[in-house]
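Novice: Take a look at the letters that make up each chain.
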Amino acid sequence: MLFSVDQLEKIRSLIYKQTGMLFEEKKNYFLASRLEERMRVSRTDSFNDYYRMLIFDHPSAELKHLIESVTINETYFFRDFPQLQGFAESVLAPYLEKKAAARDFNLRIWSAACSTGEEAYTLSIILQEVLVDRERWQITIDASDIDTKVLEHAERGVYSERSLQDMPDVYRKKYFRQEGQNWVILSSARQLVHFRQLNLIDRMGMRSMRSYDFIFCRNVLIYFDDDSRRRVVSLLYDALLPHGYLFLGHAESLGRITASFELQKLGSFLCHRKPA
Amino acid sequence: MNTDEKTAQLEELFRLLTSLDATDRRMAAEDLGILADKRAVPLLMHSLLDPVIAVREAALIALKQHVFPETCVRMIELLISESVPLRNAALEVLQAMAAEACPMLLAGPLYSLSADVRKFSLDIIRQAANLSDAERKLIVERVRPLVEDSDLNVAAAAIEVLAQHGDEGIIDSLLARLDGPIWLQCHVIQALAHIPGKRAAESLTRIDGETLAPVAKVFLTEAIESRKRAA
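In the order they appear, the protein sequences are chains D and C.
The first sequence runs 1090 to 1365 under our numbering.
The second sequence runs 15 to 245 under our numbering.
Simulated from the structure, these hints should not be mistaken for lab results.
The beta carbon of each residue, even a glycine, is placed where N, CA and C say it ideally should be.
Where hints are given, some of them may not hold.
Claimed, not checked - Cβ pair distances, simulated, as ranges:
(1) Ser1300/D to Glu155/C: 52 to 62 Å
(2) Gly1356/D to Gly211/C: 54 to 64 Å
(3) Lys20/C to Pro1331/D: 51 to 61 Å
(4) His1332/D to Lys52/C: 33 to 43 Å
(5) Lys52/C to Pro1257/D: 57 to 67 Å
(6) Asp1314/D to Ile94/C: 46 to 56 Å
(7) Pro1257/D to Asn102/C: 16 to 26 Å
(8) Asn102/C to Arg1266/D: 56 to 66 Å
Let's have the full structure, built from the sequences with the hints guiding it.
Specialist: Here it is, written out as structure tokens:
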């Protein structure tokens, strides 16, 4: 099915308004293919009928499906290994020491835009490995995504070989059991992680996320324009504790967005720390 | 929301804007931006000096959403502030509401004794969009004398504004500055490349390249080529 530039522009604007994600014109092909798929599934023949459905039907119905189909969910365990290694060795260890010295044994981590859960479970595995006195700590890993389908996948905790491509063997054996072609995450890694649906530009929902020591929001902001990025980053800032850290993807920078964070270079990667 | 409810909400946000908790202050500034009520402007201006960067940034974004003449007046006052962050904030807010600020800037700050204020005013005027013909005409009329400004930055900014809004009537004023420094020569040539009409195009071809600095000569060749392509 062919869509006109105006039609795709309408869809782009609608998605932007709902999610803050900006699909550039060069992604028209991707957008058109998802749109075509959703029209087929919803048995709608004309664009105008489908657009009416998006606008006037109950907001949680087709629009939600369309957003789910265009949000990009590709991820895997231990994605960007050097950054995670830097987190574990250069950030987490001294951070935990300081907390312990202050007799504060609460640790809260948020995997924002967690997709199918690989990042959240990876963080759980890292914590199990780093914490020598695990039983003293009250740990929470919250993991959120706009897409309820990927959250269901994350809750199931069943992954293909591909998701485990960068997983060290020792962890694979320790935290997974094999079921046919798939790998199922064990409860030892699963128990710390709590999933919830959340739109990163939903101000009220985001304001309920508070007092995190670490926030991982990697490879998400690249899909936002500067305006939405600024909004999301200020909400992430609020969600952090003073001296808490925000981790972004390699290609992401806050340079044009805000000067609120202290930039720290740890080994080969940069991270952002909220000032006291 | 009725007037009483809005007033109550504003008062609560004003209270939070002075809270000891920086997150409360940041969120209050953000929410005041959404409400965009002119009563918030003085307090938000005060928050531009908050010790926490995130609060200052939120106040700045909120002020940009208060597109009122009152905001422009107060921000124009800040253009002469001794505090660099305040001055930069005022400039940023005014650029976000350039069309509203434009008449006020043309009425006074454009001829300020401070070269900085003259330059800031021109930078803001340059951002003004969707102007009527009458407004554009007024801009050209008021900005034209600044092409002769003794401060080179101001003169160059004035040329940029004229390139954007001007017509053939300003060509002679521009050509008169071709005897200036290289940087100004380049600005004049670029302006002539943008001004609509045959006369501007012809005036480019009549410039004697040999009298120009080598860099400006390159600009001239490119400008002539670009006008040929456009024709």
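Novice: Hints first: check each against the structure and report whether it holds.
Specialist: Tested hints:
1. A hinted range of 52 to 62 Å for the beta carbons of Ser1300/D and Glu155/C is consistent with their spacing of about 58 Å.
2. Between Gly1356/D and Gly211/C the beta carbons are some 60 Å apart, a value that agrees with the proposed interval 54 to 64 Å.
3. The hinted window of 51 to 61 Å between Lys20/C and Pro1331/D is violated, with their beta carbons roughly 33 Å apart.
4. Against the hinted window of 33 to 43 Å, the Cβ-Cβ separation of His1332/D and Lys52/C comes to about 38 Å, which satisfies the hint.
5. Lys52/C and Pro1257/D have their C-beta atoms about 59 Å apart, which keeps the hinted 57 to 67 Å range intact.
6. Distance hint check: the CB atoms of Asp1314/D and Ile94/C are about 34 Å apart, inconsistent with the given range 46 to 56 Å.
7. Roughly 49 Å separates the CB atoms of Pro1257/D and Asn102/C, a value that falls outside the hinted 16 to 26 Å.
8. One distance hint, 56 to 66 Å for the beta-carbon pair Asn102/C and Arg1266/D, holds here, with the actual separation near 58 Å.
Hint violations for this structure: numbers 3, 6, 7, all remaining hints satisfied.
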